[in-house]
Amino acid sequence: MDNTPVLQVKELRTHFKTERGKVTAVDGVSFSLNEGEILGIVGESGCGKSVTSQSILRLFDEKYLTAYEGEIIFRGKNLLKASNAEMEKLRGNNISMIFQDPLSSLNPVFTIGQQITEAILLHEKTTKKEAYQKAIEMLKLTGIPAPEKRINEYPHELSGGMRQRVMIAMALACKPRVLIADEPTTALDVTIQAQILELMLELKKETGMAIIFITHDLGVVAEICSRVAVMYLGQIVEEADINNLFESPNHPYTMGLIKSIPQLDGDRKKELNVIPGTVPSLNNVPKGCRFATRCEFADSKCQEEMPELITCGENRKVRCWHYETIKTGGENFVFTNN
Amino acid sequence: MKEFILKRLLALIPILFIVSLVVFLIIHMTPGDPAHVILGETATEEQIENLRQQLGLNKPIYEQYFSWIGGVITGDLGYSYFMKMSVSSALLEHLGPTVSLSLLAELIAIFIGIPLGILAAKHKGSVLDQSFMGFSLMGISIPSFLLGLLLILFFGVQLKLLPVAGYVPLNENIGSHLKYLILPAFSLGIMQAALIARMTRSSMLDVLNTNYVKTALSKGVKQRNIVLKHALRNAFLPILTVIGQTFGVLITGAAVIETVFNIPGIGQLIINSIERRDFSTIQGAILFMTLAYVMINLIIDLLYGVIDPRVRLSHK
Amino acid sequence: METVRQSNIEMADVKNDLKKKQRQIIIRRIFSSKLTVTGFAMIIFLAVLAYLGPLFVQYNPLEMDTVNRMKGPTAEHLLGTDNFGRDLLARIIYGSQVSLKVGGFVAVITAICGMIIGLYSSYYKGLDNILMRICDGLMSFPAILLAIAIMAALGPSINNVIISLSIVYTPQVARIVRSVAIVIREQTYIEAIKSQGASAFRIIWKHIAPNTLSPLIVQATFIFANAIIVEAALSFLGAGVPAPEPSWGNILYDGKLVIFNAWWVTVFPGICIILATLGLNLAGDGLRDILDPNFQKSK
Chain A
6 MDNTPVLQVK ELRTHFKTER GKVTAVDGVS FSLNEGEILG IVGESGCGKS VTSQSILRLF
66 DEKYLTAYEG EIIFRGKNLL KASNAEMEKL RGNNISMIFQ DPLSSLNPVF TIGQQITEAI
126 LLHEKTTKKE AYQKAIEMLK LTGIPAPEKR INEYPHELSG GMRQRVMIAM ALACKPRVLI
186 ADEPTTALDV TIQAQILELM LELKKETGMA IIFITHDLGV VAEICSRVAV MYLGQIVEEA
246 DINNLFESPN HPYTMGLIKS IPQLDGDRKK ELNVIPGTVP SLNNVPKGCR FATRCEFADS
306 KCQEEMPELI TCGENRKVRC WHYETIKTGG ENFVFTNN
Chain B
174 MKEFILKRLL ALIPILFIVS LVVFLIIHMT PGDPAHVILG ETATEEQIEN LRQQLGLNKP
234 IYEQYFSWIG GVITGDLGYS YFMKMSVSSA LLEHLGPTVS LSLLAELIAI FIGIPLGILA
294 AKHKGSVLDQ SFMGFSLMGI SIPSFLLGLL LILFFGVQLK LLPVAGYVPL NENIGSHLKY
354 LILPAFSLGI MQAALIARMT RSSMLDVLNT NYVKTALSKG VKQRNIVLKH ALRNAFLPIL
414 TVIGQTFGVL ITGAAVIETV FNIPGIGQLI INSIERRDFS TIQGAILFMT LAYVMINLII
474 DLLYGVIDPR VRLSHK
Chain C
196 METVRQSNIE MADVKNDLKK KQRQIIIRRI FSSKLTVTGF AMIIFLAVLA YLGPLFVQYN
256 PLEMDTVNRM KGPTAEHLLG TDNFGRDLLA RIIYGSQVSL KVGGFVAVIT AICGMIIGLY
316 SSYYKGLDNI LMRICDGLMS FPAILLAIAI MAALGPSINN VIISLSIVYT PQVARIVRSV
376 AIVIREQTYI EAIKSQGASA FRIIWKHIAP NTLSPLIVQA TFIFANAIIV EAALSFLGAG
436 VPAPEPSWGN ILYDGKLVIF NAWWVTVFPG ICIILATLGL NLAGDGLRDI LDPNFQKSK
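Chains as they are written, first to last, in our numbering: chain A, 6 to 343; chain B, 174 to 489; chain C, 196 to 494.
Check before you lean on any hint, since a few could be wrong.
To spell it out: a stretch of chain C is covered by chain B in this simulated footprint if at least three of its residues, at any positions, have a beta carbon under 8 angstroms from a beta carbon of chain B; those stretches are [said to hold, decoys possible]: (1) 204-212; (2) 432-440; (3) 444-452; (4) 457-464.
It should be emphasised that the hints constitute simulated quantities derived from the structure, not laboratory data. This structure is a prediction, so every number in the text was calculated from the model and none was measured. Beta carbons: idealized from backbone N, C-alpha and C, even for Gly.
Given only the sequences and the hints, what does the whole structure look like? Please build it.
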């Protein structure tokens with residue numbers, strides 16, 4: 006696997022103008038996506054993972070709603086400073102995206118053929134006929150049976166799994182270097198989920214594209230990602246290779262997430278592990294470490310000062326004052342209540 | 174698709190029946206003996222009785238209804254003694270102005286309403302949007318005949334720019350035709366424009382927030398095409414409903430506007446017939462207008478099937 | 196037994212408390228929207244004008260004064276005189292009484308009749324078929340045409356205007372009540388009450404009806420506005436309130452006759468109509484935003 010970054014996000018901040026004032030949904034997120042890798046972004050609902058992914062393509066309304074800060078470097082250019090025309094050329098072409106609910110993400114009044122060929126015709130100089138042929142091929146590639154018939158059908162005539170395959174076909178039609186997958190399997194049945202994941206792995210191998218895979222499901226992450234970033238309340242709190250993350254998590258939140266996965270084996274009488282408390286609202290971001298309100302290891306330093314995201318190993322980063330002591334199991338942990 | 178149309182047409186029949194029944198009953202509740210009215214004060218008892226026999230006014234009411242309906246189905250709507258012509262001919266004569274007026278008004282409503290609504294949705298939250306809300310509120314608060322009077326005052330009396338009454342048929346002179354229709358069409362159309370604009374704005378806002386618009390954006394579709402191609406077609410259904418509703422109101426509001434601007438359309442025909450107690454014409458004209466209203470709603474319904482494949486396919 | 200009775204009393208207390216809180220919330224929300232408050236203010240102003248106005252006006256609206264006909268606004272006649280020399284301000288004030296009377300009665304009558312028809316149609320299938328067919332038929336008529344036709348049959352007078360407009364607008368109220376009632380009837384708690392032996396009357400009036408009140412009130416407000424407009428149109432056409440009794444509509448009729456020479460006879464009643472309609476539309480919009488939980492502000 007390559008270690009050259011194809012996409013670099015640096016100190017991304019995304020602000021929204023709401024009735025209650027300015028809300029910062031993504032607050033200083035930085036990560037790199039390397040060639041040909043699958044980077045997972047995990048977190049609970051509302052942690053900012055979707056906003057991050059949509060910020061990369063600048064999908065929010067910039068006139069009245071959103072403001073961005075930071076840099077997003079792709080092919081040597083900062084996407085946040087690119088013109089509208091440049092972004093339009095890039096979207097669906099060099100960087101593509103697929104979304105969570107394929108039924109609501111496909112336009113109900115156009116056939117899937119029309120929607121796929123639209124993507125092709127936007128970025129490649131071909132005739133309509135050729136585009137249709139290409140679309141049929143893409144459908145074949147994503148495993149849709151009888152594509153010549155399907156291509157003239159409407160989204161609501163297909164099943165959930167097929168619709169997601171259509172979305173993938175549409176996203177890959179122009180051979181993008183980066184695919185952003187925003188919870189692509191969350192709305193699907195478990196068996197279909199497995200098929201889609203397999204499909205994505207295959208396509209990645211064939212095309213060599215890099216994927217940002219966004220999900221809240223750690224199980225899915227374990228199956229498909231090579232590297233993971235864990236997000237909480239608009240920030241990345243831990244970043245690691247997949248094995249390291251599961252074997253020895255450094256951040257209390259990550260530990261909590263892993264512990265809360267129900268075990269199939271083991272003592273059935275034991276209670277499920279939960280992370281106590283709830284995520285604070287974005288309007289009321291706590292001072293200091295944002296996870297402190299729910300962290301069993303938090304002390305007064307955590308509540309006062311915000312820890313930075315620091316490198317703590319090979320390909321590892323963490324945002325916690327006490328990660329060194331915590332990762333050794335917590336027995337040696339001493340509260341520093343100043 | 175064909176079954177869809179057929180089903181709709183069949184559902185029409187009981188409605189048409191009730192409509193004709195209501196019209197008939199109302200007219201027959203009107204006091205005054207038609208024969209007496211036609212012949213005037215100087216008629217003798219004998220003459221009146223003769224005419225009554227001739228018009229079949231002594232037959233039981235359901236017989237009168239059925240003979241009228243029978244005539245209607247074959248196209249015979251009766252005879253007007255005041256205008257000395259068949260009701261159908263009278264209707265045809267007066268049809269032109271009303272159609273011109275209604276069409277022009279509807280076009281004004283659509284071509285002002287939809288673009289305004291789209292703009293307001295695109296620039297939601299801006300000054301443009303807020304002044305739009307103000308304009309649309311004013312638009313629906315001024316009844317069309319009042320607007321007509323005010324426009325007459327302003328353009329006709331003060332500015333002396335446009336004619337305030339009268340009508341020139343289309344085939345005579347298209348320029349004058351339009352000149353005489355502009356003020357009345359505007360009076361009729363503005364309120365509908367406001368309603369259409371409001372619905373366009375809210376429908377567009379709903380659609381612009383959907384996931385598939387986000388997908389289109391992520392594919393690199395240009396902003397203009399997102400609004401006009403992806404969003405508008407989905408937003409159009411509710412807009413079409415309002416257009417249909419407004420067209421109906423339009424046709425009937427035309428009646429009052431025709432009186433304000435002295436346009437010899439069907440509306441004026443109805444009003445005059447009521448004054449003259451020309452029962453057969455009143456019956457025929459109201460039935461005709463109502464039929465037109467029903468048919469327009471039907472066409473709008475059918476258009477739904479064309480625009481939204483989900484409607485079409487659910488009837489397969 | 197004592198404990199059961201005790202808990203029943205407590206329950207009733209809690210219920211009353213909740214209802215009071217709900218009412219307070221609604222009132223607070225009404226006042227929070229500037230537009231809605233403006234709307235209500237305009238309506239109240241109109242009512243005051245209509246019923247207290249006559250105390251301040253010294254002219255009889257029917258009194259003709261041919262010497263002073265078609266005079267513009269002066270100190271003597273604040274809004275001018277019409278083509279018969281009648282004081283315009285007096286006529287407009289008495290005309291507002293007509294508008295409020297017609298609008299109010301029509302709103303109330305259609306609300307009551309529409310509610311009854313809608314509720315019973317939603318409950319009894321047989322009744323539903325007949326009544327809804329009739330409503331569909333009536334709703335197929337353009338409102339003004341139907342009103343004109345009925346007025347032609349009944350003859351011009353204020354009460355006939357009220358009757359005619361009530362006939363015109365009841366079907367749409369019935370439809371709305373019916374559609375809400377149908378949704379509620381399908382809820383499981385209705386089935387539960389039925390199985391406990393509640394009578395149809397009780398189910399309809401105690402359980403279904405209260406839930407139809409919100410859309411009913413909103414509808415009634417808009418019908419009030421429409422009734423004022425249609426009455427004015429009818430009177431303008433000569434098919435509404437008969438002259439010489441003043442109604443905004445027949446003042447406009449007189450106004451049109453002299454429009455080239457006496458603009459005030461058109462403009463002043465016109466302004467009143469606009470204010471009344473605007474006020475009612477604002478109030479209705481505001482009420483709908485507040486009372487209808489399903490209606491989302493897409494602003």
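If you check each hint against the structure, which ones fail? Of the numbered hints, just 1 does not hold.
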